[in-house]
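For reference, the chains in residue letters:
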Amino acid sequence: MQPRRKKRLLSILLIISLIAGAIGAMLYALQQNIDLFYTPTQLVEGLGKDKVKPVVGQRLRIGGMVVPGSVSRDVQSLKVRFQLVDTGPTVWVEYNGILPDLFREGQGIVAQGTLVAPDEIQASEVLAKHDEEYMPSEVAEAMKGIRHVPPSQATFPTVGEASDNTDEQPAPKPGY
Amino acid sequence: MFKWLDPYAKSETLYHFCGKLLPYLMVSALALLLLGNIWGLAFTPADYQQGDSYRIIHIHVPSAIMSMGAYAAMASAAFVALVWQIKVAHWAVLAIAPIGATYTAIALITGMAWGKPMWGAWWVWDARLTSELILLFLYLGVIALNGAFSDRQVGAKVSSLLALIGVINLPIIHFSVEWWNTLHQGATITKFARPSIDPSMLWPLLISILAFAVLLMALTCLRLRTAILVNEQHRPWVRKLVGG
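Protein chains in written order, with my numbering: chain A, 1 to 176; chain B, 1001 to 1244.
Just so you know, these hints were derived from the structure itself, not from any lab.
Treat the hints loosely; a few may be bogus.
Said to hold, decoys possible - Under the rule of at most 30 Å between Cα atoms (straight-line distance), these lysine-lysine pairs were calculated in the DSS-like manner:
hint, chain 1, residue 1, chain 2, residue 2
1, A, 7, B, 1087
2, B, 1020, A, 7
3, A, 7, B, 1116
4, B, 1087, A, 6
5, B, 1116, A, 6
6, B, 1087, B, 1010
7, A, 79, B, 1116
8, A, 6, B, 1157
9, B, 1087, B, 1020
10, B, 1010, A, 6
Let's have the full structure, built from the sequences with the hints guiding it.
Here's what the structure looks like:
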C-alpha cells in the first residue's frame, strides 16, 4: 500500500474510533435516560447502583406485565385499575381512558403518568407492548395454550366480580 | 488481493458491467417482490395476538433491514472513495444515499402505521425508533453535505466522511432493543437463535427481504450508470456512446 493511502487509512480509522468512543461514553452516561420506562422493580427498589427512587409527583413511564386477575373497571366510566409486575414487587396503575386493543391480563404494557404514591401511578396514556413472536392462532393454542380473544369479546371483571379473585391476588383498592 | 477489482474503478468498464447486470436484477427484484409481498400480505395466516395487523411486517422488516444494509454498502463505498480516492466509489455513495433514505422512510412510516393500532401510539421516543430516525437524517446529511460546497472535491470528501462515521449508528439501531428497555419488541429473525416466527410466516418474509436487497442493487446500478454518464459527459467514450 502506498504511504499516502496508508496515512489516509490510519487517519480515517483514528477519526472513526475517536467518535465511536465519544458516542459510546455518551450513551453509557445517559444509559438510565435512554430507557423508555421504569420496571416495577426499579420503581419500588430504586434504579442503578445508587438505588435512586423517583419521587412522588414525578412524571414517568412504567412498563410491565398486567397481573392476571388484577384488572377492575368502573361500571360508570372508563376508569380502570390494574397491577403491573416484572420479576418482583407489583405497582398499581389507575387510568381513565380508552385502552389499546392489545391490552389484556398477562400482556406487557407501558403507561405514562404521574407517581401519586411510591407504588401507584395515575396514568395519562397506556400503550400495549407485544413480543417478537408471531404465529397463527392454532399454533399458539397448541404451543402455549393461549386462546386469542378479540378485544370486542374480552371481558374484565367489574366491581362485583372482582372480589372473586381475592384468594391469590391482593384485593383491588376500594373505590371500584 | 483486490487486483481483480481494479478494472471496475474505470468508469467505462463499470458502466457496461452495471448495464449487463441491470436487466437480471430488475426482473428478479420484481418477481421476488411480487411473490414475497402477495404471499405475505394475502396468503399467510393471521397472527394469534395481532390478527391481520401484523401483515405489515412483510414491508416493515425488509425495508428496515435493507435501510441498514444500504447504509453499510454506502459506507463501504465511502471508505474506498476516501482511502483510494476513486471517483466512481463516491458516485456510488451518492447513488445509494437516496435509495437508503427512501427505505428508511418506508420503515418509519410502516412502523408508525403498525404502532398506532397495536401499541396505541404513532410515535414513541424509544431507542429503536429514535436511532432509526437518526439513520434517515444521516442519509439526508450525506446528500446535503455533498451539495453544500462550491468546491465539489471538498463536498465529496466531507460527505464520504459523514457516511463513514454514521456506521456507528448501525450497531446502536440493532442492539437498541437489548441495551435499553424499549416499547419496540426484540429481534425476531436477526439473531443467533431459531427465528421466533412460524415457518408459514417466515418464508414470505425472507423472500421479501431478499427482494428488497435485489431491488437495492438494481436501483444502485441504475443510478450509478446515470451518475457516470452525467459526470463523464465530455469524455470521448460517452460521446461515442450517445452518438454525439
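Against the structure, the hints come out as follows:
no.: 1; hint: 7/A - 1087/B; in the structure: holds (19 Å)
no.: 2; hint: 1020/B - 7/A; in the structure: violated (36 Å)
no.: 3; hint: 7/A - 1116/B; in the structure: violated (50 Å)
no.: 4; hint: 1087/B - 6/A; in the structure: holds (18 Å)
no.: 5; hint: 1116/B - 6/A; in the structure: violated (51 Å)
no.: 6; hint: 1087/B - 1010/B; in the structure: holds (9 Å)
no.: 7; hint: 79/A - 1116/B; in the structure: holds (22 Å)
no.: 8; hint: 6/A - 1157/B; in the structure: holds (17 Å)
no.: 9; hint: 1087/B - 1020/B; in the structure: holds (21 Å)
no.: 10; hint: 1010/B - 6/A; in the structure: holds (22 Å)
In summary, the structure is inconsistent with hints 2, 3 and 5 from the numbered list given earlier, while agreeing with the others.
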